[in-house]
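S.K.: Residue numbers (numbering that gives the first Met the number 0), protein chains in the order written: chain A, 0 to 368; chain B, 0 to 368; chain C, 0 to 368; chain D, 0 to 368.
Be aware that one or more of the hints could be misleading.
For identical chains, the list gives no copy identity; a pair is met inside one copy or between any two copies.
[What the hints assert, rightly or not] With a straight-line cut-off of 20 Å between C-alpha atoms, the simulated EDC-like cross-links for lysine to aspartate or glutamate are:
{"no.": "1", "residue 1": "Lys274", "residue 2": "Glu320"}
{"no.": "2", "residue 1": "Lys274", "residue 2": "Asp315"}
{"no.": "3", "residue 1": "Lys88", "residue 2": "Glu66"}
{"no.": "4", "residue 1": "Lys274", "residue 2": "Glu321"}
{"no.": "5", "residue 1": "Lys255", "residue 2": "Glu310"}
{"no.": "6", "residue 1": "Lys274", "residue 2": "Asp100"}
{"no.": "7", "residue 1": "Lys170", "residue 2": "Glu152"}
{"no.": "8", "residue 1": "Lys309", "residue 2": "Glu263"}
{"no.": "9", "residue 1": "Lys47", "residue 2": "Asp331"}
{"no.": "10", "residue 1": "Lys162", "residue 2": "Glu263"}
{"no.": "11", "residue 1": "Lys200", "residue 2": "Glu263"}
{"no.": "12", "residue 1": "Lys170", "residue 2": "Glu43"}
{"no.": "13", "residue 1": "Lys47", "residue 2": "Asp96"}
{"no.": "14", "residue 1": "Lys255", "residue 2": "Glu166"}
{"no.": "15", "residue 1": "Lys180", "residue 2": "Glu54"}
I should point out that these hints are in silico values taken from the structure, not numbers from a laboratory.
Since we're looking at a predicted model, the values are computed, not measured.
Protein chains: 4
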Amino acid sequence: MLAGDAIGKEFVVTCFGESHGRCVGVVVDGCPAGLPLSERDIQEEVDKRIPLKPEIVSARREKDIVEVLSGIFNGFTTSAPICTLVWNKEAAPGEYDQVKDTPRPGHADYPARIKYGGFTDYRGGGRFSGRMTVAFVMAGAIAKKLLGLFGVEVLAYAIEIGKVKVEKKLKLEEIRSNTYKCAVRCPDLERAKAMEESILKAKSEGDSVGGVVECVALKVPVGVGEPIFDSLDADIAKMLFAVPAVKEVEFGAGFKAAQLRGSENNDAYAIRGGKTVTLTNNAGGVLGGISSGMPIVVRAAIKPTPSISKEQRSVDLSRMEETLIRVRGRHDPCIVPKAVPVIESVVAMVLADHMLRAGVIPKVLREEK
Amino acid sequence: MLAGDAIGKEFVVTCFGESHGRCVGVVVDGCPAGLPLSERDIQEEVDKRIPLKPEIVSARREKDIVEVLSGIFNGFTTSAPICTLVWNKEAAPGEYDQVKDTPRPGHADYPARIKYGGFTDYRGGGRFSGRMTVAFVMAGAIAKKLLGLFGVEVLAYAIEIGKVKVEKKLKLEEIRSNTYKCAVRCPDLERAKAMEESILKAKSEGDSVGGVVECVALKVPVGVGEPIFDSLDADIAKMLFAVPAVKEVEFGAGFKAAQLRGSENNDAYAIRGGKTVTLTNNAGGVLGGISSGMPIVVRAAIKPTPSISKEQRSVDLSRMEETLIRVRGRHDPCIVPKAVPVIESVVAMVLADHMLRAGVIPKVLREEK
Amino acid sequence: MLAGDAIGKEFVVTCFGESHGRCVGVVVDGCPAGLPLSERDIQEEVDKRIPLKPEIVSARREKDIVEVLSGIFNGFTTSAPICTLVWNKEAAPGEYDQVKDTPRPGHADYPARIKYGGFTDYRGGGRFSGRMTVAFVMAGAIAKKLLGLFGVEVLAYAIEIGKVKVEKKLKLEEIRSNTYKCAVRCPDLERAKAMEESILKAKSEGDSVGGVVECVALKVPVGVGEPIFDSLDADIAKMLFAVPAVKEVEFGAGFKAAQLRGSENNDAYAIRGGKTVTLTNNAGGVLGGISSGMPIVVRAAIKPTPSISKEQRSVDLSRMEETLIRVRGRHDPCIVPKAVPVIESVVAMVLADHMLRAGVIPKVLREEK
Amino acid sequence: MLAGDAIGKEFVVTCFGESHGRCVGVVVDGCPAGLPLSERDIQEEVDKRIPLKPEIVSARREKDIVEVLSGIFNGFTTSAPICTLVWNKEAAPGEYDQVKDTPRPGHADYPARIKYGGFTDYRGGGRFSGRMTVAFVMAGAIAKKLLGLFGVEVLAYAIEIGKVKVEKKLKLEEIRSNTYKCAVRCPDLERAKAMEESILKAKSEGDSVGGVVECVALKVPVGVGEPIFDSLDADIAKMLFAVPAVKEVEFGAGFKAAQLRGSENNDAYAIRGGKTVTLTNNAGGVLGGISSGMPIVVRAAIKPTPSISKEQRSVDLSRMEETLIRVRGRHDPCIVPKAVPVIESVVAMVLADHMLRAGVIPKVLREEK
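In isolation and in its complexed conformation, chain A is listed as follows (with noise of 0.2 Å):
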């Protein structure tokens, strides 16, 4: 538990595996029995990581197939440890000895080699690529199958890429249909173009830019959630600075609430439908730590990506010398496209993990005869 490789108290997740190395994979443990579950339900969720104009990210990489190890039995999940992963097929270690001594700003490559004493895993970033993302979306489909079946949908989206902003109040329909549609997977397909325009430019010019994510989650019950340090929020934001770029989280008003008064950041609570709701929802969803039973509302800016082809100024370790690096390898010009699974998933990994604990979802789900 110490080493941060695992998280979650109920529905724990486990990552392994390197950029460069044989593979990337993640246990899941403590799902409940009886969730039908198969490998296709995974490879669906990883899939949405393929962009659909590989122009506006790097090369295209072969499609990752999903294994699954453990844990399922005749099409259901026995509550043993799934195992799930795929393996590496275009590692290309070689490219990456110039990271060795000369860290690339903006990535972990010189804490990192602090850290372990020169032992770490440098090729592609090892362990610190965003490729172990990949982990997350797998652990996040079986999160996603598991809150399926007790009404709760997730759903993460673009909202801004490199200053092109959505203006507009989005539907919900708009972004159930057009997120995983559109190239930049923004649910406003007109502003869409803009933003992919803004990555081409940036792209053109051997540069990178970055971009907010929201993600709503619908029909979270009241009560999931724990008072003083696991609150919902706290767990949500944990799991977002967890994802590699993710500079900023805020639920809600967000940081516009800093600057509301009480009387018009408070939600008012009403009878709508004979149940209680807010009438707005400053909140985010979120109360003392605790769902409201409002939709949770959450946004995560993302800073531009690290890997840019311009040459940018860095230190030779090694002679302790200051020098110059060109990046070199596959870039994405802009990592928000590939996010917005990513975050899809890791906000349904929390919620999975509270509903568990909350008791929303038990143990054992009996099966349906």
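Could you slot chains B, C and D onto chain A? The hints should help.
M.R.: For chains B, C and D alone, kept in the frame of chain A given last:
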């Protein structure tokens, strides 16, 4: 561990108590043996929550007197759990009966009631009250003492209150000398006046304001934080969201990073004084979840106090009828000033935990002779 | 969590305090909301540690008065952490200066000194003292109350002291009615007399005796315990070895199983009263780490009290010279009687934890109306 | 963490796989960076499970080939999680259909079925199978390699099988050289013959025998283990009870300590070669839960294999009728020989974990140059 009242893996903090119960307390487990520590060390930090100008906070409370029940022997920690608490003196439970059935907008009353089937201690928010942060400050006091031995300094301060922002670049000396001399805990004494006015104006209108607290941690060595899930920023973010009223957290360039190009946002490496440094600090001192050796810089946006004296819409849950509520009792028109030492404390807690985890702080601090 | 002062995953128990510090206390986190609980419930269990005949234990101590500091509201648990403690009244620290440099054989003095670099609170063994088991009993009292709601009963009793063994098969009624009426906590009142004599004889010779405590847990439902590591027997065994002086733990046929044939040791299944049962219970109620529905049967062997008044060989660690030590202070010539309620308590703690983990006990106990 | 498939706090071991699924694997997280490690190191330990004389175990299995999927780079650990597995080749699921509804006495079939509502992978015991201990041995191999760097040696060996006991005092050299040369893993080659006969006799009668394994850990430094709950003996005991078929665990004098006087059982201190030692080791190397610097000595009693070919009474759970069962398939008439390397492994795992926790093993093993 499931319940969420404990946090940390080496420096483990467990909170107990309620706003209007007997006490608010904390058990700190995992503090190395050999740290010089006294009740006075903790008292000094708890005293930082006392407002300099009572008019900008709630009606003045009696001073909280810290008692240490265990874990210190002959002036040093022994590595045994340190239990420390303050007794509640001003508890006035009667005045909260109103809250029992009618949840206050912006508070946890409603989800807590649903979650715990009516068994919650609702008096003054019970364990959801901001008063619980006294426990965070007591634990933070121990963390800060420990960090101090290793040269690490943690400084928090208000940079925005009620739309009034600090615009100038704050100097370290200003922060160190001004923060706790200033009623609103803002080192920019000019802006502090405007902040104060903003608070008093809101108060006079029965309303409240929010703000932003910034926190820097200096001299954190390179290599603190764990890859994948328990990254330093993820754990700091989690702890900050555990502070009531925090709705947004960002590191370094934060949400603005989303609008920068990679070439602008990346922090270039250079050598200064024989050491590897970055020329900018957009990363806020964390790369790949691990400290880079640059200052940790984090900001938290704090919503306006939900308790306002203006009338608000709510629901009588026992009758399932819409109703109006006017929250009685003592309100802070702005909790930012009180949040400053709390944020300082929780960041210190996470740093102590991670410096222990990284092996930077040993398990026993050998006695100097 | 690293420090080892907390245990349990849903019913989490964190101990604090020292033998001659201010208090001995415990925080119980994860107890479901809605359990009727009072200080008296806990006091009654703590009182079971009071010897009926002072001559067979150490000089009579003042009664420990239980105080509950948090987690109970209107007579019910709220799910908030329950902190409960007893203040130390008879602390006589002065008499332990001898121990500072000269470790008592059979105690933790020596390894504790080395481990903590001399910062240990050595007075009366500090946190290694048997007095810490008051905390176990307080936590166990809550666990037993909780288990009782679900029909589970935990009964411990001495079956061997100072070579005197219970030979006959004890009836449940005998156990329930005799144990706490008997000074040595043995339900076989015949053998109890011989046990008592054995203790008094050892005492008169400045020596001590050990014994064996058996514990049965009745009506634990089938399916409690987790496969692989957190098996029910593994967690019970761990907790029992956490009780000072326990040197051996066995379930069911225990060490004798090693000498049986498979055909003798296997418990055959049958149907009785419409339920699946086993005709024997050599397994002690646990199969593959999971409860079988039969009574849990476990035994713990307890070493003779290490504190004896006979002179013993030791080492003056400050001078690194061999020396002799005669342990002063109040000794129990046999700790088995005091261990009985402690073992009952820790078994109850583990069962409460695992019944919560198995989902057999819900997170909120809905109020009966 | 809740699910129980992971153990350890710094050296964290997570198991996955099933007896007749695709593989049996393990993720070891928290192994320090810089440990020289290869697949061969792990293979050598896994090979110790291969019987020297097939007739005393079940029908010969194919050799398990170890594959390492992550965490090693250039021949050294990197601190990233190490995933290692063996693929199941001889899975013959069909032959286990019988077990689906009729639980085998002495196995986990019955409680597992109830616990998981019929979703369990029952083939060959699924995740309850003794085959899962291959995972323990793979993790133990890494632990042993790590301990070896710090001079710690762990040795397990049979001391009793089928009522045949080793009576003489075993010499260290005998243990080291004989154990793995002997088919029953007993260093006393005389008694080993009688043990073997005892096994063959039981086998010829369609029955099975149990035994006792002793394990010593040499050169564990003073101060390893945590007070209160995570004591060294408590954690070793827990791990041993996680090994299928263990029914009793004892340290040092063990259950016999209960019959000694304090003056007999206490281990007196003396100085030998400038070091503090004890003249006897009834404590088995652990005092107050912390290592004393003397050898750790622990014994585990192992029940006779529950799978026997004799007819046994059971219940058809689908019809709720009593029935007879004759367990088909490959049986070990005695699992003690296979348990020896497993027990060595799990003791090593706990020691690695606790030596890391105590700070005795650092987080990074600096490269020697």
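S.K.: Determine for every hint whether it applies to the structure shown.
M.R.: Do the hints match the structure? See the list:
For a Cα distance limit of 20 Å, the shortest separation of lysine 274 from glutamate 320 across copies, 10 Å, qualifies, whereas the shortest one inside one copy, 66 Å, does not. Only between protomers do lysine 274 and aspartate 315 lie at most 20 Å apart by alpha-carbon distance; the minimum there is 12 Å, versus 63 Å within a single protomer. For the homomeric pair lysine 88 and glutamate 66, the shortest alpha-carbon distances inside one copy (14 Å) and between copies (17 Å) are both at most 20 Å. In this assembly of identical chains, the alpha carbons of lysine 274 and glutamate 321 lie at most 20 Å apart only when taken from different copies (11 Å versus 64 Å within one copy).
In this assembly of identical chains, lysine 255 and glutamate 310 lie within 20 Å of each other by CA distance neither inside one copy nor across copies; the values are 37 Å within and 23 Å between. Proximity of lysine 274 and aspartate 100 under a CA criterion of 20 Å is satisfied inter-copy only: 15 Å between copies versus 61 Å inside one chain copy. When the C-alpha separation of lysine 170 and glutamate 152 is checked against a cutoff of 20 Å, the pair qualifies only within one copy, where the shortest distance is 15 Å, while the shortest distance between copies is 47 Å. For a Cα distance limit of 20 Å, the shortest separation of lysine 309 from glutamate 263 across copies, 11 Å, qualifies, whereas the shortest one inside one copy, 46 Å, does not.
Only within a single protomer do lysine 47 and aspartate 331 lie at most 20 Å apart by alpha-carbon distance; the minimum there is 16 Å, versus 47 Å between protomers. With identical chains, the CA atoms of lysine 162 and glutamate 263 are at most 20 Å apart between copies only, with a shortest distance of 14 Å across copies and 28 Å within one. In this assembly of identical chains, the alpha carbons of lysine 200 and glutamate 263 lie at most 20 Å apart only when taken from different copies (15 Å versus 40 Å within one copy). When the C-alpha separation of lysine 170 and glutamate 43 is checked against a cutoff of 20 Å, the pair qualifies neither within a copy, at 24 Å, nor between copies, at 52 Å.
Taking the shortest alpha-carbon separations for lysine 47 and aspartate 96, neither the intra-copy value of 31 Å nor the inter-copy value of 39 Å comes in at or below 20 Å. Both within a single protomer and between protomers do lysine 255 and glutamate 166 lie at most 20 Å apart by alpha-carbon distance, with minima of 16 Å and 17 Å respectively. In this assembly of identical chains, the alpha carbons of lysine 180 and glutamate 54 lie at most 20 Å apart only when taken from the same copy (16 Å versus 56 Å across copies).
In this structure, the hints that do not hold are numbers 5, 12 and 13, in rising order.
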